[in-house]
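Turn these sequences into a full structure, and let the hints guide you.
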Amino acid sequence: MKKTQKTEILPGTVGEGLAQRGVTRREFLQYCTSLAALLALPPAMASVMAEAISKARRQSVIWLSFQECTGCTESITRSHSPTLENLIFDMISLDYHHTLQAASGEAAEHARLQSMKDNEGKYLLIVDGSIPMGNPGYSVIAGISNHDMLVETAKGAAAIVAVGTCATYGGIPMADPNPTGAVSVSDIVKDKPIINVPGCPPIPVVMTGVLAHFLTFGGIPELDALGRPKSFYGETIHDRCYRRPFYDQGKFAETFDDEAARNGWCLFKLGCKGPVTHNACATTKWNDGTSFPIESGHGCIGCSEPKFWDAGPFYKALSMPVSATTAMLGASVAAGAAAGVAITWHNRSTKAAAKASHETVTVQDLAREEK
Amino acid sequence: MNHLELLTFARGNALNWALMLFAAGVVLRLFEIFSLGRKADLSKPRANSPGSGWRTVFTRSLPAEGMLKRDPVTYISGYVFHLGLFLAIFFLAPHIEFFRSMTGLRWPNLPTPLVDASVVAAMVALGVLLAHRLNNPVKRMLSGIGDYLAWAVTFLPLLTGYMAYHHLFVEYTLMLALHLFSVELLLVLLPFTKLFHTFSLFISRWYNGDIFGRKGVAS
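Sequence order for the protein chains is Y and P.
For what it's worth, the numbering used here labels the leading residue of the first sequence as 1, then goes sequentially.
For what it's worth, the numbering used here labels the leading residue of the second sequence as 1001, then goes sequentially.
Calculated from the structure, these hints are not laboratory results.
Only a predicted model underlies this, so the values are computations on that prediction, with no experimental measurement involved.
Beta carbons: idealized from backbone N, C-alpha and C, even for Gly.
Treat the hints loosely; a few may be bogus.
Away from chain Y, derived, C-beta distances all over 12 Å, residues of chain P [claimed, not checked]:
| hint | residue |
| --- | --- |
| 1 | P1045 |
| 2 | H1082 |
| 3 | L1085 |
| 4 | V1124 |
| 5 | L1159 |
| 6 | F1169 |
| 7 | T1198 |
| 8 | G1216 |
Cut-off 30 Å, straight-line C-alpha distance, at most; resulting in silico cross-link-like pairs (DSBU-like, lysine-lysine) [as the list claims (entries may be wrong)]:
| hint | chain 1 | residue 1 | chain 2 | residue 2 |
| --- | --- | --- | --- | --- |
| 9 | Y | K155 | Y | K55 |
| 10 | Y | K355 | P | K1215 |
| 11 | P | K1215 | Y | K351 |
| 12 | Y | K192 | Y | K307 |
| 13 | Y | K351 | P | K1044 |
This is the structure we're talking about:
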């Protein structure tokens, strides 16, 4: 077995990097098994993945950050030891990333341009943050507007991964009134395959899982209508929520600290958006599988859905109106009453007119008609 | 417009307009009915019948003698449908949340499977009533487009709500939006169709009971 393993290690590949780091094949297979499960692949695919990733050359990746808060980067770095998610960083050659790269200024930009040149048509472009279209000056890197940098870098990319709700759907910068004219990556780039990995931020293992899929199969996973990998975004939080039985039974927490909340009852009445949010939080969870927002006692805010920031108050139940007010209804009742007065006046005048034009018919008149 | 935006529109502006048209429409129709007035009854009441109107409001909820046997389909389906609809509207937890946000009032909800069963019963009853309406020559002759429209706009919220809850055929967010749109259609049409009996029913029962009481007919 050891002999076989040794013959598989080729210079300059991921396998070589893993061997140098002392990662055993068993550990790596375990990692690939969990990845295969995450990607909803059959268990047998784990060894295929391990084989493919081991033999793959380190994938060149350029990560562009536009109008963002660095939360997505913070999230992906949380794939900490002893989990093996950080292996992904060893499998890829992260040639450009503002936060993580050592280089700065001219040297940083040079690294991006060099990588684009060396890996023309092969590199993977990751984008977080939205792109301002209102004024190029709203967000500039090394004197280049976000729009121009995206268009320039996307040209030679094999595929684009938009991470975070800002890059995928515009996110918070695009929220009403969208002061910078923010748009998503897919609003600008039309001729490249784009994988949307939304979330504010996305789950670390979802980001790394998508990268692993690309490395293994050299292509993009099956996507839904909003460009999200179906394996992670195929179901709603509500469908996989451990509190779902309470929803079905009609047992709800009324406040965040009542007896029902302490018993773990459903948070629907407290504004949980789980029923309309597609993400893997309830299954993969966060912080090394510790928990996810609902498990921590707070409803889902729907951060992986387009326009989630403008989809009504976070603490209003989904069945509550977004903006209806009593004053509004009072005004329409008054309008209805006014229209009622007008109709009454019309009906009464019709009645009065009919009464006024009424002609009395005498017996003589009828007798005349008979003749 | 994606599904969530459609749902936000359904919960937002669309709902606001539907509620405003509903409130204005109901007040307008009530005004219209009450302002018609009646001529003063100058005759002496036949019998002393206090409370005859109020009694009729309740007694007319029961079938007249022999009628249940003569037309069991209409009566039984009618009861099942109205009761099922009432439970679905007022005792599903999300619906109570809606009423709470509008009025500040809240009351206990029923377990969701029970409401679900009542919705199924209501839909089956509506189906039976439609089939009966189409097959019974008298009912068919009496029915017009307004009756079928009223049936459809009542059936749709039940169907879409059921489909949303059970995740049938259409993605949940979109189905929930469609459910709200169907309710909004019902709200807008209710004051101007026969569905206004929701409000006029008890008024007319009271009037009938009272006037017949005065004429000496026991309620």
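Status of each hint after checking the structure:
1. No beta-carbon of chain Y comes within 12 Å of the beta-carbon of P1045/P; the shortest separation is about 27 Å.
2. Distance check for H1082/P against chain Y: the nearest CB is about 22 Å away, which clears 12 Å, and the non-interface claim stands.
3. Annotated as non-interface, L1085/P keeps its C-beta farther than 12 Å from every C-beta of chain Y; the closest such distance is 17 Å.
4. Every CB of chain Y lies more than 12 Å from the CB of V1124/P, the least distance being 22 Å, so the non-interface label holds.
5. No Cβ of chain Y approaches the Cβ of L1159/P within 12 Å, the least distance being about 17 Å, so the stated non-interface status holds.
6. With a least beta-carbon separation of about 15 Å from chain Y, F1169/P lies farther than 12 Å from that chain, consistent with its non-interface assignment.
7. Distance check on T1198/P: its Cβ is at least 16 Å (rounded) from any Cβ of chain Y, clearing the 12 Å threshold; non-interface status holds.
8. Non-interface call for G1216/P relative to chain Y: holds, since the shortest CB-CB distance, roughly 30 Å, exceeds 12 Å.
9. Taking the CA atoms of K155/Y and K55/Y, the gap is about 27 Å. The hint holds against a cut of 30 Å.
10. Restraint check for K355/Y and K1215/P: the C-alpha separation of about 27 Å stays at or below 30 Å, so the hint holds.
11. The hinted pair formed by K1215/P and K351/Y meets the criterion: a straight-line CA distance of about 27 Å does not exceed 30 Å.
12. The straight-line distance between the Cα atoms of K192/Y and K307/Y is roughly 23 Å, inside the 30 Å bound, and the hint therefore holds.
13. Restraint check for K351/Y and K1044/P: satisfied, since their Cα atoms lie roughly 27 Å apart, inside the 30 Å limit.
The structure meets every hint from the earlier list without exception.
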